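We have chain A already, so just place chain B on it with the hints.
Chains as they are written, first to last, in UniProt numbering: chain A, 1 to 326; chain B, 1 to 420.
FYI, nobody ran anything at the bench for these hints, they're computed from the structure. Quick caveat: nothing in here was measured; it's all calculated off a predicted structure. Treat the hints with care, since some could be wrong.
Footprint (simulated), chain B over chain A, 3 or more residues, beta carbon under 8 Å [what the hints assert, rightly or not]:
1) 71 to 82
2) 208 to 219
3) 232 to 241
4) 260 to 266
5) 270 to 278
Beta carbons are placed, not taken as given, at the ideal position from N, Cα and C, and that holds for glycine.
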Amino acid sequence: MTITSTPGGTRTEQPPATGGRPGRARRPRRDRVVEALWGYAFIAPIGLGLAVFYLWPVLQTAYFSFTAWGAFGGHTWTGLDNYHRMLHDHEFGQAMVNTLAYTALGLVSIPLAIVFAALLNRPGLRGVGVYRTLFFLPVVTMPVAIAMVWRWLYNGNYGLINYLLSLVGIDGPNWIADPRVALYALVAVGVWSSIGYNLVIFLAGMQAIPKEYYEAAQIDGAGPVRQFFSVTIPLLSPTAFFVSVISVIGSLQLFDLVYVMAGSGDAARANPAFPRLETVVQLFYDRAFVTNDRGYAAAIVMVLLLVIIALTAFQFRMQKRWVHYG
Amino acid sequence: MRNSVRWTAVALGVVLAASACSSGGSDAASSDGKVTLSYGVWDATQKSAMEELGKAFTKTHPNISIKVELTPWADYWTKLKAAATGGSAPDVFWMNGPNFQLYASNGVIRPLDDDIAKDKVPLSAYPKQLVDLYTYKGKHYGLPKDMDTVGVWYNKALFDAAKVPYPKAGWTWSDFQAAAAKLTDASKGQYGADAELTSFQEYQYDTIAQAGGYVISADGKKSGYDDPKTIEGLRFWTDLIKKKESPDLKTMTDTAPLQLFEAGKIGMYWGGSWDATEFGGNSYTKANVDVAPLPKGEKQATIIHGVANVVSSKTKHADQAWEFVKFLGSKQAADIFGAKGTMPAYNGTQAAWIAAHPQFDLQTFVDELSYAVPFPVSKDTAAWNEEELTYMTKAWNGDESLDKAAKDLAAAMNASLAKE
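Isolated chain A (complex conformation) (with noise of 0.2 Å):
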């Protein structure tokens, strides 16, 4: 690309000619759509590939989701058929049941996350790096293999925690088997998984609340526990939305964990506890593109879309009442 051709670019960084108001300075209109033309330029290759791969599958999957289709591609214009199925489709009432309980018991990773985090944060705490990596490590460890070693852990026969189990007297459950306990078994994992996570994020926040409210708060006579209830807690909030809204959309997403634990295909239908533990992704995954009934699909997908934009909507609505920005 020729550098001499741009007559923009070398005017906009002379200060203004004119007098007035510093920065306040009027361009020529001409300079002001070149530099918006070379912003744009800039961003191009991102927005493309925004545009691509996320905005155009988006469109794509909406206008889907008003179709129907054949075993092996081709599809037809059912207008509102889809949605219409879905509201007499028990597996996916049952599976939406199951995802906004995976997200409301999942927020308990937050509460566990700020009370590690402020055990780390404590000054002078000896093997804080030690304990970091420790919290972190599953965060970097593959959702897989995450799944696989909690399966054998939670083999009703001979997994670790019912032997554990059964040395104080207790015959533990099949975890991911029973229908009573497999969900909390799951979600266990999944903020097991999680709380390294938003403890990092936790941790830079109230290393960014000013030392001289703690300074203050104890020359009034607070202790560390009415600290943290009177001082880190509310400046800690913002962190916390950050991180509610964060968990609330991944926990709606929520799939690898579920498809490897609870099992796929034969063996998760074989599986008693699978109807409890079946999410709204898995369905869709499974009718998309084990059974190839790809407008179903479609609107199991733009639902969850809907419900996604609705809880998180809600959250940005409510923030008012709980979070104190500084």
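Frame of chain A, contents of chain B only:
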């Protein structure tokens, strides 16, 4: 600026042209008459046997080489469907009974009748049930590669310890039940048998046939799951769970019965002839297990099934693909294959397979052919296969009575069949 746009366009054009060339890689190679066929398979234990067959084929057809593409069973059909939809299925690939009619009716695989007639391939060389399995609307779409029947693999060590005589030809359901009771020992976590739910071919379909019931009517329009005899065939298994002579469904979800059997925790495992490779490769089972025919209920029966080699309708090398399929279906291929793979389908070639596993009485599987019944399929088998699992899970887990689950399944399956 304008120049740079032009150059970018040229560069883009070059890239596009280059990628267009590379996508037609096998075409580019055909300029000197050489062709590489892709061959889709799902069984890792048979991959080397398939590669050996490919090499044997190339010897007589020097211009055609074979590239074996292995996709594990769990993902095979998902991936194949996506590839077929996108027009990039392998040139030749393995097909099974439950999926066949879907692929044939959608024109994804080629009918082979013209080729069969032209080269006078004798279809009578294969068991009739297998030829019929791969016939849709009077047209033949595949040549059988292998076949399988089901037998009772039993753990001799557990039988000896419990002082139970080994099962032998002519034994009955009540013999089986008596043995299962004696082999069960809760204190050791040891079960007489296992009522597996995920492989109807090796479990439910066999006992349904033995009880005189049926899975699907002969015209493929009606479910047989509400037939009292079919339900008796299912009860055979749920009773085993009730008596705790089989692990319960939760335990089998946590640990697959095959693993339990290979760990010496199950006395009698219903498995296919293809399991000879698995059990022969595991030092514990190689030394401790053998196989007996399935016990007789009201009737003597086993499900016969077999994999066929089929040709993609989108292949660019239809003639070469047919040559390869014809070779795979030949006696020569069956002889090579039997020594390393599963029971070949070509009549009279099973001796090499039996000889390859001298520690097991594999003649059992061949003898069973005389009373084998076909694998139940319809046009969209996968749809009701999913329902079988959904409804039977409730009965297996004891959440619902078997009668109710079976009747609900029949209703759901009839609705699915009506849509075909």
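Hint check results:
| no. | hint | verdict |
| --- | --- | --- |
| 1 | 71 to 82 | holds (count 3) |
| 2 | 208 to 219 | violated (count 0) |
| 3 | 232 to 241 | violated (count 0) |
| 4 | 260 to 266 | holds (count 4) |
| 5 | 270 to 278 | holds (count 5) |
Checked against the numbered hints listed earlier, the structure breaks hints 2 and 3; every other hint is satisfied.
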